[in-house]
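Visitor: Turn these sequences into a full structure, and let the hints steer you where they fit.
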Amino acid sequence: MSTNFIIDKNGMKRYLVTIKVNGTEYTKLIKANCLLSNFLRDELELTGTKKGCEIGDCGSCTVILNGKPINSCLILALDADGAEVMTVEGLAASNELDIIQKKFLEYGAIQCGYCSAGMLMSAKALLTKNPKPTEDEIRAGISGNLCRCTGYINIIKAITAASGQEVSDSH
Amino acid sequence: MYLPDFDYYAPESVEEACKYLTSFDGKLVKLVNGGTDVIPKMKHGTLTPDVIVSLRNLTSLKKIEYVKGKGIVIGAGNTHNDLVFSEVLNGKYNSVSNAASTMAANQVRHAGTIGGNIISAVPSADLPPILIVLNATVKFVGPQGERVLPIEEVFAGPSKTVIAPDEILTEIVIPDQKMTGSKYYKFALRKAGALAVVGVAAAVEVEGGVIKDARISLGAVGPTPLRAKKAEEFLKGKKVSEEVLAEAGEIAKTEAKPISDFRASADYRADLVRIYTKRALKYAIENGHNG
Numbered sequence: 071m072s073t074n075f076i077i078d079k080n081g082m083k084r085y086l087v088t089i090k091v092n093g094t095e096y097t098k099l100i101k102a103n104c105l106l107s108n109f110l111r112d113e114l115e116l117t118g119t120k121k122g123c124e125i126g127d128c129g130s131c132t133v134i135l136n137g138k139p140i141n142s143c144l145i146l147a148l149d150a151d152g153a154e155v156m157t158v159e160g161l162a163a164s165n166e167l168d169i170i171q172k173k174f175l176e177y178g179a180i181q182c183g184y185c186s187a188g189m190l191m192s193a194k195a196l197l198t199k200n201p202k203p204t205e206d207e208i209r210a211g212i213s214g215n216l217c218r219c220t221g222y223i224n225i226i227k228a229i230t231a232a233s234g235q236e237v238s239d240s241h
Numbered sequence: 055m056y057l058p059d060f061d062y063y064a065p066e067s068v069e070e071a072c073k074y075l076t077s078f079d080g081k082l083v084k085l086v087n088g089g090t091d092v093i094p095k096m097k098h099g100t101l102t103p104d105v106i107v108s109l110r111n112l113t114s115l116k117k118i119e120y121v122k123g124k125g126i127v128i129g130a131g132n133t134h135n136d137l138v139f140s141e142v143l144n145g146k147y148n149s150v151s152n153a154a155s156t157m158a159a160n161q162v163r164h165a166g167t168i169g170g171n172i173i174s175a176v177p178s179a180d181l182p183p184i185l186i187v188l189n190a191t192v193k194f195v196g197p198q199g200e201r202v203l204p205i206e207e208v209f210a211g212p213s214k215t216v217i218a219p220d221e222i223l224t225e226i227v228i229p230d231q232k233m234t235g236s237k238y239y240k241f242a243l244r245k246a247g248a249l250a251v252v253g254v255a256a257a258v259e260v261e262g263g264v265i266k267d268a269r270i271s272l273g274a275v276g277p278t279p280l281r282a283k284k285a286e287e288f289l290k291g292k293k294v295s296e297e298v299l300a301e302a303g304e305i306a307k308t309e310a311k312p313i314s315d316f317r318a319s320a321d322y323r324a325d326l327v328r329i330y331t332k333r334a335l336k337y338a339i340e341n342g343h344n345g
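Chains as they are written, first to last, in the numbering used here: chain P, 71 to 241; chain V, 55 to 345.
FYI, nobody ran anything at the bench for these hints, they're computed from the structure.
Keep in mind that a hint or two might mislead.
[What the hints assert, rightly or not] 30 Å max Cα-Cα, derived DSSO-like pairs, lysine-lysine:
hint, chain 1, residue 1, chain 2, residue 2
1, P, K138, V, K95
2, P, K121, V, K97
3, V, K193, P, K138
4, P, K98, V, K95
5, P, K101, V, K73
6, P, K121, V, K84
7, P, K98, V, K84
8, P, K83, V, K84
9, V, K122, V, K245
10, V, K146, P, K138
11, V, K81, P, K83
12, V, K73, P, K79
13, P, K121, V, K245
14, P, K79, P, K138
15, P, K98, V, K97
16, V, K97, P, K83
17, P, K199, V, K117
18, P, K138, V, K81
19, P, K138, V, K97
20, P, K199, V, K146
21, V, K81, P, K79
22, V, K245, P, K202
23, P, K90, V, K117
24, V, K81, P, K98
[Unchecked claim] Per the computed footprint, the stretches of chain P lying under chain V, defined by three or more beta-carbons under 8 Å from a beta-carbon of chain V, are:
hint, region
25, 73 to 86
26, 97 to 106
27, 125 to 131
28, 145 to 158
29, 165 to 174
Ideal Cβ positions, reconstructed from N, Cα and C, are used throughout, including at glycine.
Guide: Structural data, given as structure tokens:
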């Protein structure tokens, strides 16, 4: 896809970008410095995606880009031109919460909320690829998401439950 | 947070990308692939490019294939997870896929590329040591044409390589091997999201219990990935034994040039080299490239 742009009245280049987010295609004129996280939050007002560390360590900005979880704070929106993105707002198909969201609530896997949006998206990406993950696979699947409350055990239990597997009480 | 302003180009071919690298006089032009190294540097203010040339459209850089007589050809635009899940690579050099899987965390592995990992030239990078022991080559393409060089010769210092400002790294080739086994071990403070405190890669050619050839590369214990050539020489012609491997570790320890920082002291790093050299050799001898 070639890059189309206009020059606005301040002499600034604004580029045409089209990204499909949660099933809807959005076309916007943006500056090159717009990151995907900026695009989602500021252009589309989808503020469910959080910005934490901003350098790719914490995972709170995780979205699913063409089926893969990535840090939306580290990719230019222009580099996602033509891509399909799923954010936490796209998890619930209707007014009803997704099974992963339900199990996060049920197991107390949401505390301060800093990590929740990203944690849910990493869990979604994991379960889409691997519907019955082992505990080790769950731990690896969320290893790029930091929970500041250190509530990992409940998060692992919630993902286990969302996968329809028995939740161990050994912790 | 928004980045400072810059111009953006997304060329459709390597030739076009090379052209952009030289067509903005006096401006800082930066190639971006996955962005996982460049974007944080821009946020920290340590890198302020005027122009970004994105390689996202260069699908020719995203292939991994076996070419007869040449070896496994890995396009520079493959992400770490492309390497982790590549059947071509897993079938022959699981040791390389596994090295890629130790990088950062899942989200970064889905974005960061092998090309970026090499050209960023961070001393603790996980892929260079295993590629060095497998004698991999890289191809640089520029306006003067192509040049192929051993990956070992790419690194010139921390964050420095010998690539010219108008060249692009397009592919990495792992040639067919005489080496019968290889392994990369990473020691880090956590299992995910941590840089190597020490990384050790070893490749061996073993026949009838005798080590015919060995290559050892050390990461994070020098300004560039190092070779432990004295340990390699020591191993040649020796019968495999615990004592021989332990001695190779002792020798490799003397070849490391570690620094002390908040992750570990120089002494500790040197001792890790001793231990992981021995373990990497042992693993490669016992498990082939299935590491």
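Visitor: Hint by hint, note whether the structure agrees.
Guide: Hint-by-hint comparison with the structure:
1. P/K138 / V/K95: holds (24 Å)
2. P/K121 / V/K97: holds (13 Å)
3. V/K193 / P/K138: holds (29 Å)
4. P/K98 / V/K95: With Cα atoms ~27 Å apart, P/K98 and V/K95 stay inside 30 Å; holds.
5. P/K101 / V/K73: holds (23 Å)
6. P/K121 / V/K84: Given that 30 Å is the threshold and the Cα spacing comes to 25 Å, the pair holds.
7. P/K98 / V/K84: holds (25 Å)
8. P/K83 / V/K84: Measuring from Cα to Cα gives roughly 18 Å; hence the hint holds.
9. V/K122 / V/K245: Answer violated: V/K122 to V/K245 is near 36 Å, above 30 Å.
10. V/K146 / P/K138: holds (25 Å)
11. V/K81 / P/K83: holds (17 Å)
12. V/K73 / P/K79: holds (29 Å)
13. P/K121 / V/K245: holds (23 Å)
14. P/K79 / P/K138: violated (38 Å)
15. P/K98 / V/K97: Since the Cα atoms of P/K98 and V/K97 sit roughly 24 Å apart, the hinted pair holds (cutoff 30 Å).
16. V/K97 / P/K83: Roughly 21 Å separates the two Cα atoms, so the pair holds.
17. P/K199 / V/K117: holds (22 Å)
18. P/K138 / V/K81: Measuring from Cα to Cα gives roughly 34 Å; hence the hint is violated.
19. P/K138 / V/K97: holds (24 Å)
20. P/K199 / V/K146: Satisfied, since the Cα-Cα distance of roughly 24 Å is no more than 30 Å.
21. V/K81 / P/K79: holds (23 Å)
22. V/K245 / P/K202: holds (22 Å)
23. P/K90 / V/K117: Measuring from Cα to Cα gives roughly 25 Å; hence the hint holds.
24. V/K81 / P/K98: Answer holds: V/K81 to P/K98 is near 28 Å, not above 30 Å.
25. 73 to 86: holds (count 4)
26. 97 to 106: holds (count 5)
27. 125 to 131: Per the Cβ count (4), the hint holds.
28. 145 to 158: holds (count 5)
29. 165 to 174: violated (count 0)
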